[in-house]
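Participant: Given these sequences and hints, build the entire structure.
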Amino acid sequence: MSIGKTTTSRRTFIKTGAAATGGLLLSFYLPEKRLMGAQGPQRGPAPLAPNAFVHIGTDDVITLTVHKPENGQGTETSIAMLLAEELECDWKKIRTVFAPINPAVYGGPLQGTFGSQAIRTSWTPMLRTGAAAREMLLQAAAERWGVDKSQCRAENSTVINLSTGNRTSYGSLAEAAAKLSVPSEIALKDPERFRIVGKSMKRRDTPVKTNGKAVYAVDMKVPGMLHAVVLRSPVIGGKVASFDAAKAKAVPGVKDVVAIPEGLAVVAENTWAAMEGRKALQVQWDEGSNSNLSSAGIRQLFTELAAKKGTVARNQGQGEAALASSAKRLEAVYEAPYLAHAPMEPHTCVAHVRQDGCDVWTGTQIPGATHSAAVQASGLPADKVKVHTLYMGGSFGSRGGAQVVSEAVRVSKAAGVPIRVTWTRDDELQQSKYRPASYARLAAGVDAEGWPVAWTGRVVCSSFAGLNNGVDREAIAGLADVLYAIPNTYFEYHEPGLTVPTNFWRSVGHSQNTFFSESFIDELAMSAKKDPVEYRRQLLAKQPRLLGVLELAATKAGWGSPLAAGRSRGVAVVNCFGSYNAQVAEVSVEKGAVRVHRVVTAVDCGRVVNPAGVVQQMESAIVYGLSAALRGAITIERGRVQQSNFHQYEPLRIHEMPVVEVHIVSSTNASGGIGEVGTPAIAPAVTNAIFAATGKRVRRLPIRAEDFA
Amino acid sequence: MAVIDFNLNGKRQSVDAVPQMPLLWVLRDIVGLTGTKFGCGMGLCGACTVHINGQTARSCSTPISSVAGKSVTTIEGLSADNDHPVQRAWIEVDVPQCGYCQSGQIMAAAALLNRKPQPTDSDIDEAMRGNICRCGTYVEIRAAIHKASQYRVERSSGGAR
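Respectively, the protein sequence lines represent chains A and D. Read in order, the letters of the first sequence are residues 1 to 709 in our numbering. Read in order, the letters of the second sequence are residues 710 to 870 in our numbering.
Derived by calculation from the structure, the hints in this document are not laboratory data. This structure is a prediction, so every number in the text was calculated from the model and none was measured. A virtual CB, placed ideally from N, CA and C, is assigned to each residue, including glycine. Careful, some of the hints might be misleading.
In silico contact screen, one side only, chain A against chain D (beta carbon under 7 Å); selected entries [as the list claims (entries may be wrong)]:
1) N211
2) E345
3) R425
Below, a list of computed lysine to aspartate or glutamate pairs in the DMTMM-like style, where the Cα atoms sit at most 20 Å apart [claimed, not checked]:
4) A:K202 - D:D790
5) A:K309 - A:E331
6) A:K92 - D:D790
7) D:K720 - D:E785
8) A:K213 - D:D790
9) A:K433 - A:E287
10) D:K856 - D:D832
11) D:K856 - D:D790
12) A:K213 - D:E785
13) A:K202 - D:E801
14) A:K199 - D:E801
15) D:K856 - D:D830
16) A:K179 - A:D148
17) A:K92 - D:E801
18) A:K279 - A:D244
19) D:K856 - D:E801
20) A:K213 - D:D792
21) A:K384 - A:D356
22) A:K239 - A:D286
23) A:K221 - D:E785
24) A:K179 - A:E143
25) A:K202 - D:D792
26) A:K530 - A:E449
27) A:K255 - D:D725
28) A:K279 - A:D256
29) A:K213 - D:E801
30) A:K328 - A:D447
31) A:K308 - A:E495
32) A:K556 - A:D531
Facilitator: Take a look at the structure:
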């Protein structure tokens, strides 16, 4: 391609040029926020080079190339909707391609989809680029017909000459449009006039996901490829001391055993032979420093740390001093376990390392991080390494620069052939990076009427997003930054110094902290003998959007109305990823078992691109959070993760699925995130309902019968 | 190694494999049909569900030797054009998110409808509880099975498709 004329407008720049294949090519920049790091949240690099492309072919096909991979959240559809809105094109003519990673083009290491940012970062650039292309096509048509552009109208991938009624297709105008300048001023539609954005659209990826044709990394095959599985230390952080591969190599189909830093890779003609070969490996492990690590020991450590002063993470108003002067003091300890992501597709990567370069095919949330991992493992220059992004069979935070990438690259380099490394389910649960366990010792001071005056706590949680002045902000997100009008807040933080690998998990710090904060505020309400919705309502008077979702969820759930015998309700709210959510759970407790019958949820995520997608994501996020609340726990004994498969880490199944009613607040605010917003509130909504039914306060997850029966 | 003959999606198939090798890996790595997915390897998640002689089976836990002489249907063999009533319903309801478990869900649903053309919600719970969806598409799966049931009735009564 040759990049020609450029226009720079507020925060979006668009370049045009002729594509090698003809037609009109617009290249532009989709901004990225950086992951929460040691420096806290930051904007990505300045837009120096385009990283997204729209091509309108002479055949009328519109190709959108973006780096927002599809892990099930529907961005393939919603981002295309933004383009189509201003481009005035035939929706069926859009093709979406996941951008291959080329650092020369992409600039930053964190191109991808995370933090529920896909729509938030795409909204304006996609609309502007669609509008720019439309204006250029209109201009090309006007010049062809010798009329003023105002005499032309764009509609459904054609331009209509309003004076003659003549029509011509976008494809027929693409070559001429490519020779024009990008308009310097681009006026966007009034959102009230949107025809596509805000309407429920069918997902573009559904047909290939109903006939087995969608290609995930597990399905990727390249000529000459062999299969590998890796045996890693059963003890977290352990290493191979010595091994005997003779029996493994004797397994039919096994070709070789390759030692890599991550463990021992068994290379075979097919995946099953590799798995059988792995069983036959004889290994002496150097168990390292974690051979005595256990969940009980970690809990003991957390308890001890929580008794000591930590690093001050928040101090507002009179801070801790306000506790002493309050009329009444409430204290509670809350706990959350390690969690695995457990996507349905185990981590898998195909790599082909050659002397002159390396290709990697995998499902990745962050192709930029995958690229960095492959560069490092291959030892090749960055521009010789190419990442091909495939569909992800779920991710939930786990697929970034995943370990499987460096494993596949190293094994391919050693074996000299393309290699597919497949993780098995036990790898997925036992060799993963986990949502960190967390321990919060909370104390609140209330006045004589039971209204909170002080909100304080001490949090022990492994850092997973980086320390800033000794504090991991994500470890206290949604807890120290209390949503409610409480004048004095004070929090301390302890990094416990464990070496259990940790990672982002759907909704990140909010996944545990909303359970802590929304349970504890419920305790305050109950202690004040006030209705939990009314108590929150009073304290959210200055938070109109939170108040809005609370009122809507409460109304739709029939809060306060009589329930069927044995049923109770609980409520929780959250503000995360730029969106607002309230949930009311309706549960029953019978014979020591909790059954969640109905969840009514209200979400305010600003302007909605695809309402059907919002409903899907809310349902999905609720199931994900409910699975964890009811049963999710990764536990450790003698340094080993004890859960090996779905019988010990069992997600919610269809017969346990509650009715979920999603209500979307109509909003003209900027779009918020949606992929993670529904996960945090479900656990406290359920445990608050358990309290309403039993008078027992569940203060640790997962929910255990012994804590309420 | 042993040569094992069976019928795969209506055609004769012969493979040379270790007899204990699960059907899943024969399909995926030897025959090259990758629509059937690996999820757990222990018959716990249902991602690998296929039909053997019309009944659902967990291909990850089915040795290829036990398939000799039998008829196997995979997602690729369910229909020629993605137009089996269950597939049509899945598309209409827009069931999949990540999509990874959906081949198994669709095969389980198709077998259910063969057994019970008009299943109740509790029939659906019973037939589908072995299939995990981590994206939580259960509401849509249930709706799509009811819709597929209607499509089958319309098809068998010669009504509009």
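Participant: Take the hints in turn and mark each one as holding or not.
Facilitator: These are the hints, each one checked on the structure:
{"no.": "1", "hint": "N211", "in the structure": "holds (5 Å)"}
{"no.": "2", "hint": "E345", "in the structure": "holds (5 Å)"}
{"no.": "3", "hint": "R425", "in the structure": "holds (4 Å)"}
{"no.": "4", "hint": "A:K202 - D:D790", "in the structure": "holds (19 Å)"}
{"no.": "5", "hint": "A:K309 - A:E331", "in the structure": "holds (16 Å)"}
{"no.": "6", "hint": "A:K92 - D:D790", "in the structure": "holds (19 Å)"}
{"no.": "7", "hint": "D:K720 - D:E785", "in the structure": "holds (12 Å)"}
{"no.": "8", "hint": "A:K213 - D:D790", "in the structure": "holds (12 Å)"}
{"no.": "9", "hint": "A:K433 - A:E287", "in the structure": "holds (18 Å)"}
{"no.": "10", "hint": "D:K856 - D:D832", "in the structure": "holds (15 Å)"}
{"no.": "11", "hint": "D:K856 - D:D790", "in the structure": "holds (18 Å)"}
{"no.": "12", "hint": "A:K213 - D:E785", "in the structure": "holds (8 Å)"}
{"no.": "13", "hint": "A:K202 - D:E801", "in the structure": "holds (8 Å)"}
{"no.": "14", "hint": "A:K199 - D:E801", "in the structure": "holds (16 Å)"}
{"no.": "15", "hint": "D:K856 - D:D830", "in the structure": "holds (12 Å)"}
{"no.": "16", "hint": "A:K179 - A:D148", "in the structure": "holds (18 Å)"}
{"no.": "17", "hint": "A:K92 - D:E801", "in the structure": "holds (16 Å)"}
{"no.": "18", "hint": "A:K279 - A:D244", "in the structure": "holds (12 Å)"}
{"no.": "19", "hint": "D:K856 - D:E801", "in the structure": "holds (9 Å)"}
{"no.": "20", "hint": "A:K213 - D:D792", "in the structure": "holds (14 Å)"}
{"no.": "21", "hint": "A:K384 - A:D356", "in the structure": "holds (7 Å)"}
{"no.": "22", "hint": "A:K239 - A:D286", "in the structure": "holds (5 Å)"}
{"no.": "23", "hint": "A:K221 - D:E785", "in the structure": "holds (18 Å)"}
{"no.": "24", "hint": "A:K179 - A:E143", "in the structure": "holds (12 Å)"}
{"no.": "25", "hint": "A:K202 - D:D792", "in the structure": "holds (17 Å)"}
{"no.": "26", "hint": "A:K530 - A:E449", "in the structure": "holds (10 Å)"}
{"no.": "27", "hint": "A:K255 - D:D725", "in the structure": "holds (18 Å)"}
{"no.": "28", "hint": "A:K279 - A:D256", "in the structure": "holds (14 Å)"}
{"no.": "29", "hint": "A:K213 - D:E801", "in the structure": "holds (18 Å)"}
{"no.": "30", "hint": "A:K328 - A:D447", "in the structure": "holds (7 Å)"}
{"no.": "31", "hint": "A:K308 - A:E495", "in the structure": "holds (12 Å)"}
{"no.": "32", "hint": "A:K556 - A:D531", "in the structure": "holds (17 Å)"}
Of the hints listed earlier, there is not a single one the structure fails to meet.
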